Structures are given as structure tokens and as C-alpha cells.
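There are 2 protein chains.
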Amino acid sequence: VGKPKIAITMGEPAGVGPELLLKAVEEVKEFCTPVIVGSASFLFERAEREGRKLDLSVTEEERLNEFGGCIIDVCKLGRIDPGKATEESARAALSFIDKAVELACKARVDAVVTSPVCKHTIDRLGVKFLGHTDYIAERLNVKDYRMVFFTQRVAVALTTVHVPLRNVPSLITEERVFVTIKMLHAALSRIHKRECKIAVSGLNPHAGEEGLFGNEEERIKDAIKRAKDEEMNVEGPFPPDTLFHILEKEGFDAAVCMYHDQALMPVKLLFFDEAVNLTLGLPFVRTSPAHGVAFDIAGKGVASPRSLLNAIRCAVSLL
Amino acid sequence: VGKPKIAITMGEPAGVGPELLLKAVEEVKEFCTPVIVGSASFLFERAEREGRKLDLSVTEEERLNEFGGCIIDVCKLGRIDPGKATEESARAALSFIDKAVELACKARVDAVVTSPVCKHTIDRLGVKFLGHTDYIAERLNVKDYRMVFFTQRVAVALTTVHVPLRNVPSLITEERVFVTIKMLHAALSRIHKRECKIAVSGLNPHAGEEGLFGNEEERIKDAIKRAKDEEMNVEGPFPPDTLFHILEKEGFDAAVCMYHDQALMPVKLLFFDEAVNLTLGLPFVRTSPAHGVAFDIAGKGVASPRSLLNAIRCAVSLL
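Going line by line, the protein sequences match chains G and C.
Under my numbering, think of the first position of the first sequence as 1, with each following residue one higher.
Under my numbering, think of the first position of the second sequence as 1, with each following residue one higher.
Same shape as in the complex, but just chain G (with noise of 0.2 Å):
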């Protein structure tokens, strides 16, 4: 079997992960070797009540390349209510997510795909869980990794995410730009097999009007005149109110952000539906689609697996 094998999350038990991947799993099967990582028995119940096929075989991490397509048994489930995240499930989702990052540090597994999990009833068991990318990160002792949103037609690096805004001025540091430019673009250079124009923010008003607003533009600059000096297609900085015009207008392949709201206004207002969320600079590929847990549409056969099949689409053409 020489596909890809791709650990997939279950993710959480009442939320819309389950029947994504019970409707993503065949059409993934022609690219990929799925591993899904969760609860086998809830998952052929909710397959069987759904009228599915789940043509999976239960197996133990050992053996995965014997299969065209497996589950990995984390636990079973007692009842779970579409909607209604508990304790227990909870507890299973970030088990999925354990299992999995061990799957692909034993690189039992090529990359992880994870799906949604309900981030408030797992800050009630006592973790702290600001989402996967920084779970994940923080597990593996990984301090420089970078968030980005990707899609077919752009993909938007951050340079800081989960801070305070008032902590951002003094993080925009070129080193810091500079790295999230490098990683960026080669991601992208494996994606799109060609060279990518990158464009960078500024990150005051207007890009600092000349210093007027500000000076971190100079340092954004150093990182960009390094980047450029390593023969990295890359411009800026931009005024950040016109970032996404200049992108399309000027045929940009990705952004570099500086904080969370400067780079995920714009994508959730742009292409939310269809993007995928993949953390850069851990020792393995992570995607994963960028929406939520959707409690309000859980268990009604509605959600689509657009950004499921997307995210793993990616976490492929990265290998």
C-alpha cells in the first residue's frame, strides 16, 4: 500500500465531526490510506443508523499497513446527544488527539488531520486548550510554529496568534517575520510545485505612514529584505486595510499576517467555508478543516465535508 497513510481525529463525539468523515472516508480512500483515530463502536452505530458504508477495519497501530483503511479503537462511548458535548466526550476528543500526535511521532502515520473538537468543555476538565495548533505544539515542546489558512487561492500565515494585542508590537521582531515567511513559503513551494509570491503586512495604520504610525515597519522590512536576499518571492509591507485587494488584484499566491484579527477578519469574511487551518513547524504535517464543532447543525446530515476533504487534501500535497 503506498498511499499516504493520514491519521484522521474522530473529533468531538456531539459535534459534526463524526458524519464528516463518515461522508469524506470513501472519496479520501483514492489518495490516501485513512487512519481514523476514535471510537470504532460509535462510529459504525452512527454509520449504520446514518444508512452509511464504513468499509473500515478495526485494527491495532502495528498493523496498519495491512489495510486499505483502518480505525484505530481509542474508547468506547456511552450515549452522546448530537449538540450536547459532556465530560466524557470531551475527554474522548482530546484522547483522539493523544493518540494520533503518538501515531505520527512513531511516524506510524505520515500526517494528522484533526476534526473540531468543543474547545469550552475541555477547558472543563482543567486543560488548557486554545485549539489544536497550540495543544499540539505545546505537547511536542515545539516553540516556533506558525498558524496559517490556506485555500485554493491564497493562504495567510500569522505571525502571532493567541496574545494579547497589546503584547503584538514588541513579538514583530524580524526574526519572527522572517521565519514565518520561510515556512511559509516552503509550504507553498510543496503545494504548488513552483515559486510563490508572498505578500506581507504591516502593522499599523497604513503600514506606519512613513513612521508616522509607527515603526515595526522597519522591521518587517529587514525581514523581507532577508527573505528576498534568499531568493524568496516576497513584498511589502502593506497597508493592511488593502492587503486582500492587493492580493487578488496583484496575483499574490499568500500573506504573511501580524496578529489573529488582521488575518482572520479577512478570511472568515472572505472564504471561511472552504478553508483549511494547517500549523507549520511541528515534526509532522497538521490540517484540519477551519470551521467548528457546529453544535447547532450536529447529527442533522447537513454539515458539508468541503473543508474535511480540502484539509486532507492539503496535509497530502504537503508530503
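Treat the hints with care, since some could be wrong.
If several chains are the same, the list does not tell them apart, and a pair holds so long as it fits within one copy or across any two.
Claimed, not checked - In the DSSO-like style, the derived pairs of lysine-lysine whose C-alpha atoms are separated by at most 30 Å in a straight line are:
hint : residue 1 : residue 2
1    : K249      : K119
2    : K119      : K99
3    : K76       : K99
4    : K84       : K249
5    : K221      : K119
6    : K221      : K128
7    : K249      : K23
8    : K84       : K300
9    : K300      : K249
10   : K119      : K225
11   : K182      : K228
12   : K23       : K106
No wet-lab data here; the hints were simulated from the structure.
Everything numeric in this text was worked out from a predicted model, so none of it was measured.
Since the structure of chain G is provided, determine the placement of chain C on it from the hints.
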């Protein structure tokens, strides 16, 4: 003549200002008395060349009341090529603003609508000019003013505007946020003639995530509480990255944003073509189209007067 008198500056002569004026002036006579502040000879020449009617009397400011529309002739101009601002044209554009402000302060007109000018060419004259808003407020020594972007669907007020991002968090005080809410609420009530619903943004990612990413949201909450105590219909703080989804979904009339790009990124992506820029806190009503001089299309007759028409209508509705 009972219609409101609206001073409309001609803007940068080399920009789209003059042609938009010529396109809009007949239509606006239906609901206001336009008082064009600019160069009469320049406008009549341009009107003749474009085969447009310009039915306005050139007059002195003391005699404005005698006409259904007129021109206050500030200066003659040498040859101006569309798209090419000069020191002379920039100086003229500035003198149009000064004259319009003077007319408003003397109560000879009821409101001021400004056409776009070229900031960079004005800079070369040695005049500090961040935009009409700051320029006019500074001339009048007004400290507490607010920039608002207004469309038929939604209005967006900015708590801070042209300051470095690193200075924003300490400027987010209860008082400043409250004044923004209060000014916006008063303006909207006048425009819509009904109670309006306002959403307030947070400052930090996820609106601070319960204090995990910053605590400025506590001060924003205090401002919201104070506004509620004064019977305003206001909610928040909402996570910045989904604010504009919430506006739409929950039927808010307006948003209060904390800083320049938090407002301008979504405004420019969602409705820049139709937006009107208005300044609250001045001793008179002042609006403008949200677009700039558009040198790339100036003189070609293709620029749309929609934003200018909206700006004039908005000024009238605020009176």
C-alpha cells in the same frame, strides 16, 4: 429657499472630484442647495468640455441665500492635467476645505461635504494632513471627534484612528469607548429616526477569551454598561473576527470598532464603493465619499458619483 445649504468642496482638481461634482449637482438640487466651494472657471470649462450642464451662479458668501445652487469661487487655476496633482492644485484643494469650514463656522452653510484630495501632494507643501477628519478637527481645536463609515446597511465608528497600534490598548478607556457609542447612537437616531442597535467589538483575539488574551475588554464592558444605563441599545464586546457576521445575522445597525484596521479591513472588503465617511464631534455636520482621488481614472468620465451622492444625502439626513 428652505432647503439645507450644503458646502461641497471641489477636491483635488486633478482627481475625480470635479467630474463627480458635475455628475451629481443637478440631482442633489432636489433635496438641498449645493454651495460648491472651488474654482468657478475650472468647473465651467470642464463642464463645457464634457457637454454637461452647470446651472450655478457664482456669488459672494453673503448672497448664498438668493440662489438654488451656487459656486463660491476661491481661486483661478493654471493648466491641470487629470491624474497629475501639482503644488498649485494641492494648495487650491486645501483652500477649498478652509473656505468650506469657514462658511460652516459662520453658519452660512448647514453642512460640509468634502471631495477627495491628494494627501501626498499636500504633504509636499509642508502641511500635516492625515485626512480631512484630523485636519478639520485640528483647525477647530476639537479633541473629541470620531470617524464613522456609513452605508445604508451599517455604520462603523472608530474609537481610535491614526495612531500606532502599540498605543491603541492604553487609549481604550471606558470614557473613550463610551463617547464613541454615545456619538454614534445620537447620529444614527437622527438618520434613521428610530431606536438603533449597536454592536461593540472587543480589542483582543476572541475578545480576550475571559482575560486570557488581554483585559481591555473589562473597560469596554464598563462603557457598554454605562451606555445601557443611559437607555442605549448596545451589546458586546464581540470577537473582532466574527463581528461583521454577527452584525448581519443579528440585525445590528452599527458597530463600534477599537482601531483603524479593525474597522477598515471589513469596511473596504464589504462595502467600500457605497460607503460615506462622516465625522462626529465637530460643531457642524461633515461627510465625504469614502474613496480617494482615483488618479488612474480621473478625467475619463467613468468614475461613479454614487459615494458622493450618498455623502450629500447622509449630510442632509443628519441635519
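Hint numbers contradicted by this structure: Violated: none.
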